[in-house]
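Student: The chain contents come next:
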Amino acid sequence: MSPDATRRPRRVRSLLGALALTLGLGLTGGAVWMVERHRESDHQQLLDRAARAVSQDLLMRLGGLESSLALLAADLAPSEVPERFGRLAEEILERCPEITWIGWAPRTHLDESAALEAWLRQQDALSLEREFAMRSPSQLARPWYPVQAIAPWSFAPTWIGRDLGDDPRARAAMRRARADRPLAVSEPLELDGHRELLVVTVCRSRERPAWCRCAEDATHGSSFLLAGLDRQALEVRWQEALEAAGLEAAVGASIRTRVVTPTAPGFDAESTAMRLGDSELLFTVASPATTGWSVLSVWILLGGTLASLLCTHLVIGWVDRDTAIGRLVERRTEELAKAQARLQNHAQTVEDEVESRTADLRQMRAELLRQTEELIETNRELETRNQEIESFYHVVSHELRTPLTAIQEFLTIIREGLAGEVNDEQQECLGAALESCVQMRRCVDDLFDISRLETGKLVIRPLPGDFLHLLRHTARAATLTAQREGIELTTTLPPAIPEMRFDAERIAQVIGNVLGNAVKFTPRGGHVVLETVLHDDVGVVEIVVTDDGPGIPTHQLERIFDRLHQVRSDETQTHGGLGLGLTLCRLIVESHAGRIHAESSEGRGTTIRIQLPIDADLPERTPSITVRHPSHARSLI
Amino acid sequence: MSKILIVEDDKNILKALCIRLHARGYEVVTAQDAVSATVTAVREEPDLVLLDISLPAGNGFEVARKLREEPRFLELPLVFLTASRRPGLRDKAEELDAAGFFEKPYDAAELVARIDELLAGAASS
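Chains as they are written, first to last, in the numbering used here: chain C, 1 to 637; chain H, 1 to 125.
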């Protein structure tokens with residue numbers, strides 16, 4: 001729905017409301033018009049039917065009436081008229097059931113009033129009111145009242161006019177009355193010396209029928225107007241008639257009017273009783289109740305109007321609702337569009353961000369993968385290199401040891417005299433050569449240990465053993481060396497050492513190394529002390545080696561256990577070696593959970609202390625002692 | 001007189017050992033590679049074998065293994081010599097029921113003492 005379509009102008013709302021109202025009212029009016037027209041048509045048809053019935057059927061049936069009336073008028077004395085007329089009327093009623101009321105209005109005459117009154121009294125029907133209460137044939141009781149006849153479909157005014165004589169106006173009136181379809185017009189009746197005319201007709205409307213006017217004319221205005229007038233007009237007419245007749249109001253004329261119920265649906269009736277002197281006359285005016293709208297029309301009008309208003313209200317409500325919904329929809333649509341735009345922006349931002357991050361991550365991942373591969377490759381290369389290095393060292397070690405073995409062996413053979421006599425001078429030369437062999441072997445061993453350090457293959461295997469025995473054995477070997485060098489080695493051992501776990505080969509290497517260094521750096525005639533102390537209280541065996549050597553400068557003291565360090569001095573140059581010994585010693589002692597340190601000052605000799613715990617919880621195979629500064633190691637190769 | 005088979009590929013070391021052991025009064029036969037070592041051992045039936053581990057056409061352990069397959073060499077004393085310091089060699093030698101294990105350069109006195117000890121035992125038994 002586009003926003004424009006929802007914005008109905010106010011003009012459209014008013015237009016639609018007006019259209020609905022107009023349409024509803026138009027339909028209502030049309031319906032009322034139709035009903036009324038139909039009703040009028042019905043009424044017309046009714047009148048026509050009545051007229052036909054009267055003119056065809058009733059007239060036929062009343063055919064004998066005229067002669068009867070004529071006979072009646074001729075034969076009867078005025079006093080007998082009511083009775084005879086009553087019989088006649090009864091006969092008529094039998095023949096014509098639709099006629100419910102037949103009355104006879106005699107010419108009021110002062111003379112006859114007494115006789116009439118007597119007759120009425122005789123018939124016990126003096127009360128006019130009572131008579132008018134009778135409405136149906138079954139209720140009709142004799143005698144007939146000398147008033148008028150009322151048919152259910154109309155009223156049938158009946159009157160007897162005065163002698164028309166040869167009055168041309170009367171005859172003209174009679175003609176006009178006949179021409180205006182009177183139901184029946186009697187011949188002038190001769191009643192008590194007066195000629196009177198009986199006219200039976202149907203009143204079609206409220207207008208005074210022509211025959212009424214004829215009757216007036218015929219009676220010179222002194223006759224009684226019976227139909228077509230309302231009460232007021234009747235009274236006026238009555239007054240005029242009285243005056244025209246020369247009857248003064250003084251004689252006691254009065255009008256008494258009462259309303260009677262219509263005798264047929266659709267007709268109104270009004271009766272008026274008039275007293276003139278002692279006589280009383282009753283007039284009934286009946287006419288079709290065509291005034292106003294029918295009840296149905298009124299209901300239709302009301303209902304239609306209400307329905308129109310309701311429709312208008314609904315239409316306006318619909319328009320308003322439509323408009324309100326439209327505006328709401330429009331507003332919501334705009335909000336949704338904005339929200340959608342925001343969401344799209346946000347989504348785009350997030351998407352961009354995610355894309356960017358993803359790209360970064362991909363790049364990082366690729367970089368990491370590349371680095372990992374490089375590392376793996378480097379690691380592989382290093383491993384291969386390590387193996388190659390180790391293998392190389394093994395080969396070198398092997399190839400150096402083999403000739404060294406041969407040299408040492410031949411020198412020993414010669415020195416032992418197995419190859420002939422050897423004089424003292426030769427002995428001394430051979431001793432020096434053998435000493436060089438020992439130095440060379442130490443170099444080879446250092447070289448081998450370097451390879452072990454390089455590749456992390458130096459393994460410590462602690463096993464339960466007799467530490468005291470190890471000390472003795474090592475000290476003995478060192479003593480022999482010291483003696484050869486002219487150095488006194490003093491050994492102090494405790495009586496017993498509890499069994500402890502240690503790698504005999506490596507510990508022997510440590511002690512031998514320390515003692516060898518002490519001997520090496522002690523000048524001929526010097527003194528080396530090996531003292532072993534058992535600290536029972538802390539469970540530690542302490543091996544202390546003291547020499548009379550040149551000592552170590554303080555600034556170098558803390559570096560002597562560093563790998564590849566060698567104190568640079570004339571002595572060390574003399575004694576050679578790669579300077580790896582003390583580093584190995586430290587590593588081996590630390591692998592036994594012990595510690596080694598040196599105390600010295602230049603020119604005051606050196607003391608090395610090795611402390612080993614007796615009950616250290618050592619694993620079967622300690623991890624390899626790994627090289628700490630491989631770059632330094634490489635530089636050595 | 002006890003007979004010693006010396007298996008050593010380095011001819012100088014071989015020569016030195018021959019001199020030393022001759023001087024000690026032992027009969028010496030030699031081999032310089034793994035194949036001839038086995039052949040010589042089978043042929044000469046020595047009382048002790050000095051066996052270098054690194055040999056052409058094999059190694060000392062293979063020679064020892066082949067000899068141990070022969071029932072008559074089950075009790076034969078085998079003394080290993082090696083210039084190699086590869087780890088595990090001593091363990092392997094012990095698995096083959098070695099009578100001695102010396103690293104080169106060996107201490108000649110210790111070696112001769114061990115040989116004397118082994119052959120004295122064999123001779124007495």
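Incorrect hints may appear among the rest.
The calculated label-pair distances, taken between Cβ atoms and stated as ranges, are [stated by the list, open to error]:
hint: 1; chain 1: C; residue 1: Thr554; chain 2: H; residue 2: Gly25; range: 16 to 26 Å
hint: 2; chain 1: H; residue 1: Leu96; chain 2: C; residue 2: Val395; range: 15 to 25 Å
hint: 3; chain 1: H; residue 1: Ala23; chain 2: C; residue 2: His469; range: 29 to 39 Å
hint: 4; chain 1: H; residue 1: Gly25; chain 2: C; residue 2: Val395; range: 29 to 39 Å
Think of the hints as simulated: they come from the structure by calculation, not from any bench.
Ideal Cβ placement from N, Cα and C applies to all residues, glycine included.
Student: For each hint, tell me whether it holds in the structure or not.
Tutor: The hints, checked one at a time:
1. One distance hint, 16 to 26 Å for the beta-carbon pair Thr554 (chain C) and Gly25 (chain H), is violated here, with the actual separation near 59 Å.
2. Range check, Leu96 (chain H) to Val395 (chain C): Cβ separation about 24 Å, and the 15 to 25 Å hint holds.
3. Range check, Ala23 (chain H) to His469 (chain C): Cβ separation about 32 Å, and the 29 to 39 Å hint holds.
4. Take Gly25 (chain H) and Val395 (chain C): their Cβ atoms lie about 37 Å apart, and the range 29 to 39 Å holds.
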